[in-house]
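Asker: Take these sequences, add in the hints, and give me the full structure.
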Amino acid sequence: MKQIVVISGKGGTGKTVMSACFASLARSAVLADVDVDASNLHLLLHPEILERHVFKSGQKARIDVEKCTGCGLCLPVCRFNALAEDDMGRVSVDPLSCEGCGVCFHVCPVQAVEMEIPISGEWYVSRTKYGPFVHARLGIAEENSGKLVTEVRKKAREIAESEGRGLVIMDGAPGIGCPVIASLTGTDLALVVTEPTPSGRHDMERIVDLARHFKIRVACCINKFDLNLENSEQIQRWCGEQSIPVTGKIPFDAAVPESVVRGIPYVEYTSNSSADDIRRMWSSLLELIT
Amino acid sequence: MIISVASGKGGTGKTTIAVNLTLALQPDHPVQFLDCDVEEPNAHFFLKPRIEESREVFTPIPEIDDSLCTYCGRCAEVCAYNALAVVKGAVLVFSELCHGCGACRLLCPEKAIREVGKRIGVIESGRAGDIRFVHGRLDIGQAMSPPLIRALKKNMDPSRTVVIDAPPGTSCPVIESLRHSEFCLLVTEPTPFGRHDLELAAGAAKEMKIPCGVVINRASLGDGDGEVRDFCAREGIPVLMTIPFDRKIAEAYSRGQTILEAFPAYRTGFLELFENIRKLLS
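Here the protein sequences line up with chains V and W, keeping their order.
For the first sequence, the numbering used here assigns the number 1 to the initial residue and increments by one for each residue that follows.
For the second sequence, the numbering used here assigns the number 1 to the initial residue and increments by one for each residue that follows.
Hints listed in this document are in silico derivations from the structure and should not be mistaken for laboratory results.
Hints are supplied without guarantee of correctness; some may be wrong.
Derived DEER-like restraints, expressed as beta-carbon distance ranges [unchecked claim]:
#: 1; chain 1: V; residue 1: 109; chain 2: W; residue 2: 56; range: 55 to 65 Å
#: 2; chain 1: W; residue 1: 94; chain 2: V; residue 2: 284; range: 30 to 40 Å
#: 3; chain 1: V; residue 1: 212; chain 2: W; residue 2: 94; range: 14 to 24 Å
#: 4; chain 1: V; residue 1: 287; chain 2: W; residue 2: 73; range: 47 to 57 Å
#: 5; chain 1: V; residue 1: 251; chain 2: W; residue 2: 114; range: 33 to 43 Å
The beta-carbon is built from N, C-alpha and C at its ideal position, and this holds for glycine as well.
Answerer: Here it is as structure tokens:
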């Protein structure tokens with residue numbers, strides 16, 4: 001079983017649009033949205049949810065006001081500024097700041113601190129016309145998105161194995177931090193979708209470094225390449241120097257947002273030549289992983 | 001005044017709005033610009049600051065003194081992040097999991113743990129004309145950006161108007177960036193993706209009790225801004241600015257040009273945006 005993840009560093013370069021096209025072209029793959037923080041792939045795949053699972057992770061401190069004597073021992077040991085004392089000497093926890101380390105729990109002399117494991121999201125197994133789809137929704141302002149990504153990936157692999165599907169296609173998150181690392185490790189190929197702008201280029205270089213750090217093979221897609229031909233050429237040259245195959249150069253097309261509005265993968269929405277470019281890119285990606 | 005610019009979805013134009021708002025306020029308002037997207041900082045491409053100072057940022061991780069350690073296992077027991085494991089005759093430290101809370105050091109009965117710094121990135125500061133500029137750069141392979149964002153925000157200069165360029169998403173790095181903001185500008189685009197993530201970002205601002213307003217970027221794209229406006233009306237969030245889609249703006253961006261450089265007439269719009277935020281807060 002092979003796993004492809006679509007990433008970019010910079011947001012808004014076209015990861016989800018490409019992922020949906022690949023889902024449509026692959027037909028028999030397992031699909032996963034590993035951008036659990038601001039997931040969008042479901043808006044193009046229209047899943048019918050079959051299973052819902054609660055995601056519980058991390059912990060938060062809560063102070064029992066009945067037991068708290070206001071001694072203040074917990075205040076200086078909290079490194080996340082999550083504890084505050086009011087005028088009456090009562091201590092409270094700011095759940096948005098609390099990272100659940102439990103130092104306050106351990107130093108409290110009267111056991112007034114309780115550590116609770118909150119529900120921090122949900123994940124789903126769904127059916128789509130393109131194949132099984134695993135996706136999630138992290139609660140607003142929650143931590144541990146990396147762990148939720150790992151959960152989603154685990155389920156997607158299980159489904160691929162039990163149903164004898166040879167491929168998992170994952171739509172990744174922007175950035176280079178914890179959820180992206182969790183989506184990258186152990187994959188067979190990372191497709192980096194970039195755009196010919198200074199930020200697109202800069203962010204691509206950082207995500208390529210990250211992929212290499214984890215020894216993941218990289219391919220590149222230059223999206224909206226005709227917005228700046230000179231920059232596109234520079235990106236292509238840089239990829240050449242780095243031995244990164246440029247598997248697709250897709251022109252800017254106002255039909256892309258139209259296809260998103262209609263909720264249809266772009267390759268199904270349009271019959272123009274850029275849909276062919278994406279089909280060709282998909283074939284080259286398959287060649288790279290087999 | 002501290003104004004942060006967020007979006008949920010990436011690529012909607014956070015950096016564009018933050019940068020152009022900052023530039024429009026020149027030369028009358030003293031501004032400090034903080035690029036808190038430390039995973040992928042981009043604002044420097046447009047503000048082109050002269051960097052005057054660069055500082056490494058470290059987070060504390062435990063180091064075990066083997067001459068004092070009795071391998072009792074207390075440190076592994078109290079670590080909420082599984083960053084410590086005690087096996088026969090050794091304590092293993094998994095620094096990438098450590099949040100630097102200090103529980104292990106504080107609770108070690110033998111006082112066998114001290115903390116050493118692990119580098120997570122750098123903070124660079126400088127100026128672009130009269131604009132004070134600070135950004136952070138997370139080291140490749142580091143998973144946790146919040147400590148770097150916290151360190152970056154320690155450079156905040158309250159005597160100036162502070163404009164914060166936040167990372168995409170709604171999880172911990174965004175919360176860390178938005179914290180203590182007096183106002184949050186949410187940048188969206190009128191597509192189902194933009195709307196979906198605007199709802200998440202508006203939810204985060206609401207949870208943090210930060211008043212917010214919306215900028216609709218590329219407003220003529222997709223199916224128009226009708227649904228975004230409906231959402232904002234329902235939630236009582238003011239729409240403070242709309243920018244139509246213009247391929248020329250996208251091309252200017254690709255050359256590292258700001259909207260104000262390419263289309264100086266937008267200056268009035270950004271100044272109005274600032275005045276409207278001020279009015280909302282007064």
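Asker: Is it true that residue 251 of chain V and residue 114 of chain W lie within 33 to 43 Å of each other by Cβ?
Answerer: Since the Cβ atoms of residue 251 of chain V and residue 114 of chain W sit about 58 Å apart, the hinted range of 33 to 43 Å is violated.
Asker: Could one say that the CB atoms of residue 94 of chain W and residue 284 of chain V fall in the range 30 to 40 Å?
Answerer: This hint holds: roughly 38 Å between Cβ atoms.
Asker: In this structure, is the beta-carbon distance linking residue 109 of chain V and residue 56 of chain W contained in 55 to 65 Å?
Answerer: Cβ of residue 109 of chain V to Cβ of residue 56 of chain W: about 38 Å, so the range 55 to 65 Å is violated.
Asker: Using the beta carbons of residue 212 of chain V and residue 94 of chain W, state whether their distance is inside 14 to 24 Å or not.
Answerer: 22 Å, holds
Asker: Can you let me know if the beta-carbon spacing of residue 287 of chain V and residue 73 of chain W is within 47 to 57 Å?
Answerer: 51 Å, holds
When held up to the earlier numbered hints, the structure conflicts with 1, 5 and fits the remainder.
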